[in-house]
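A.B. asks: Chains as they are written, first to last, in the working numbering: chain G, 1 to 116; chain W, 117 to 231.
Hint data in this document are derived by calculation from the structure and do not stem from the laboratory.
Cβ coordinates follow ideal geometry from the N, Cα and C atoms, glycine included.
One or more of the hints may lead you astray.
Claimed, not checked - With the C-beta cut set under 7 Å, the calculated list includes, among others, these residues of chain W facing chain G: (1) Gln157; (2) Phe161; (3) Tyr164; (4) Glu168; (5) Ala169; (6) Tyr217; (7) Phe222; (8) Pro224.
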Amino acid sequence: AQTVTQSQPEMSVQEAETVTLSCTYDTSENNYYLFWYKQPPSRQMILVIRQEAYKQQNATENRFSVNFQKAAKSFSLKISDSQLGDTAMYFCAFMKPANTGNQFYFGTGTSLTVIP
Amino acid sequence: DTGVSQNPRHKITKRGQNVTFRCDPISEHNRLYWYRQTLGQGPEFLTYFQNEAQLEKSRLLSDRFSAERPKGSFSTLEIQRTEQGDSAMYLCASSLVRGAYNEQFFGPGTRLTVL
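The task is simple: from the sequences and hints, build the whole structure.
C.D. replies: Following this line, the structure appears as structure tokens:
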């Protein structure tokens with residue numbers, strides 16, 4: 001079974017500052033994918049960033065980057081130059097490969113507030 | 117709008133009633149997923165379809181729950197004899213399987229409140 005743990009229920013950051021959200025996971029799979037999703041108050045899930053487990057290089061998408069430590073099963077999200085629009089619930093998620101379903105396993109989320 | 121749509125967006129029902137939700141995936145997406153999200157939690161996988169075939173069901177999907185995707189396009193999720201514990205957001209997602217990874221696109225969800 002796959003489990004995803006987010007140990008920070010709530011976090012806050014000053015606008016323009018940098019914040020890091022933590023995530024750990026447990027799996028016996030070797031091939032998988034990791035994600036960070038954003039869920040604003042409107043509740044629509046939005047993909048922030050994706051990491052393939054077979055890639056050693058950390059993924060980056062504009063102000064968002066990850067620190068992927070496969071041996072430690074750790075997958076943290078760094079948001080640089082935080083903006084008010086980053087205020088949302090952030091979910092870390094694990095995905096199995098397509099031949100085993102591609103379904104997600106989500107953590108419990110971290111509520112991020114960007115303070116003006 | 118070519119995204120995933122879900123109807124209704126909100127449903128209030130009394131305990132013991134049956135409810136049905138609908139999900140329309142992105143056109144030509146062959147996989148469709150249902151998740152349930154309770155307050156303060158992340159979405160939990162319920163079931164998924166590849167075309168019209170239901171390939172996996174979570175243990176969370178009790179006998180009161182049934183999902184269908186009769187023509188491989190839209191899907192319905194029915195809950196019979198609703199209980200207060202069924203109150204949650206029900207999310208649908210779809211993807212087009214082309215490789216080992218296939219991005220899932222989420223709908224806005226249907227919020228169910230059981231009184």
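A.B. asks: Compare the structure with each hint and give your call.
C.D. replies: So, going through the hints one by one against the coordinates:
1. Gln157: holds, 6 Å
2. Phe161: holds, 4 Å
3. Tyr164: holds, 6 Å
4. Glu168: At 16 Å from the nearest chain G Cβ, W/Glu168 fails the 7 Å test, so the hint is violated.
5. Ala169: violated, 12 Å
6. Tyr217: Holds: closest Cβ of chain G sits about 5 Å from W/Tyr217, inside 7 Å.
7. Phe222: holds, 4 Å
8. Pro224: With a minimum Cβ separation of about 5 Å from chain G (threshold 7 Å), the hint on W/Pro224 holds.
Violated hints for the displayed structure, listed by number in ascending order: 4, 5.
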